[in-house]
Amino acid sequence: MKLQMHSIHFDADQKLVNFIQKKADKLETFYDRIIDGEVIMKVENADSRDNKTIEIKVNIPGTQLFAKRQSKSFEAGTDEVIESLRRQLKKRKEKMAAH
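Take 1 as the starting number for the sequence shown in the working numbering and just add one per residue.
Hints may be right or wrong, so weigh each one.
Stated by the list, open to error - Label-pair ranges, simulated between beta-carbon atoms: (1) V17 with A98: 18 to 24 Å; (2) T63 with Q4: 16 to 22 Å; (3) A97 with D36: 22 to 28 Å; (4) D32 with S84: 18 to 24 Å; (5) E28 with D50: 27 to 33 Å; (6) H99 with L3: 27 to 33 Å; (7) R87 with N51: 21 to 27 Å; (8) E80 with R33: 20 to 26 Å; (9) D13 with K95: 25 to 31 Å; (10) A12 with N59: 36 to 42 Å; (11) F66 with H9: 32 to 38 Å; (12) G62 with H9: 32 to 38 Å.
Hint data in this document are derived by calculation from the structure and do not stem from the laboratory.
Beta carbons: idealized from backbone N, C-alpha and C, even for Gly.
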């Protein structure tokens with residue numbers, strides 16, 4: 001899946017970008033009609049531990065799915081966002097099969 005990566009208030013290293021890409025590619029096993037996606041990573045105010053926010057938008061025919069999480073690391077947030085998108089894709093696929 002083609003992903004656009006945006007890192008706000010910091011520079012994402014290649015290891016993090018590859019990690020997110022690898023996790024997002026697994027979504028295609030649940031729904032094979034994904035067009036593309038967009039990832040936005042932000043570092044919020046540094047006074048709290050959970051200051052890293054990750055948002056992923058996934059475009060599929062007819063709509064767009066979205067998930068956002070805030071956690072202490074981008075890797076943990078990515079896992080949660082991907083799991084949320086996986087559930088959304090699965091639900092969407094079941095809905096389409098019912099029609």
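Hint by hint, here is what the structure shows:
1. At about 37 Å, the CB distance of V17 to A98 disagrees with the hint of 18 to 24 Å.
2. At roughly 18 Å, the beta-carbon separation of T63 and Q4 lies within the given 16 to 22 Å, and the hint holds.
3. Between A97 and D36 the C-beta distance comes to about 23 Å, which sits within the given range of 22 to 28 Å.
4. Range check, D32 to S84: about 19 Å between beta-carbon atoms, so the 18 to 24 Å window is met.
5. Range check, E28 to D50: about 29 Å between beta-carbon atoms, so the 27 to 33 Å window is met.
6. Between H99 and L3 the Cβ separation comes to about 29 Å, which falls inside the hinted range of 27 to 33 Å.
7. One distance hint, 21 to 27 Å for the beta-carbon pair R87 and N51, holds here, with the actual separation near 26 Å.
8. Taken as a hint, the range 20 to 26 Å holds for the pair E80 and R33, whose Cβ atoms sit roughly 24 Å apart.
9. Taking the beta carbon of each, D13 and K95 are about 38 Å apart, not inside 25 to 31 Å as hinted.
10. The beta-carbon spacing between A12 and N59, approximately 21 Å, falls outside the hinted interval of 36 to 42 Å.
11. At roughly 21 Å, the beta-carbon separation of F66 and H9 lies outside the given 32 to 38 Å, and the hint is violated.
12. Look at G62 against H9: about 34 Å separates their beta carbons, and that is inside 32 to 38 Å.
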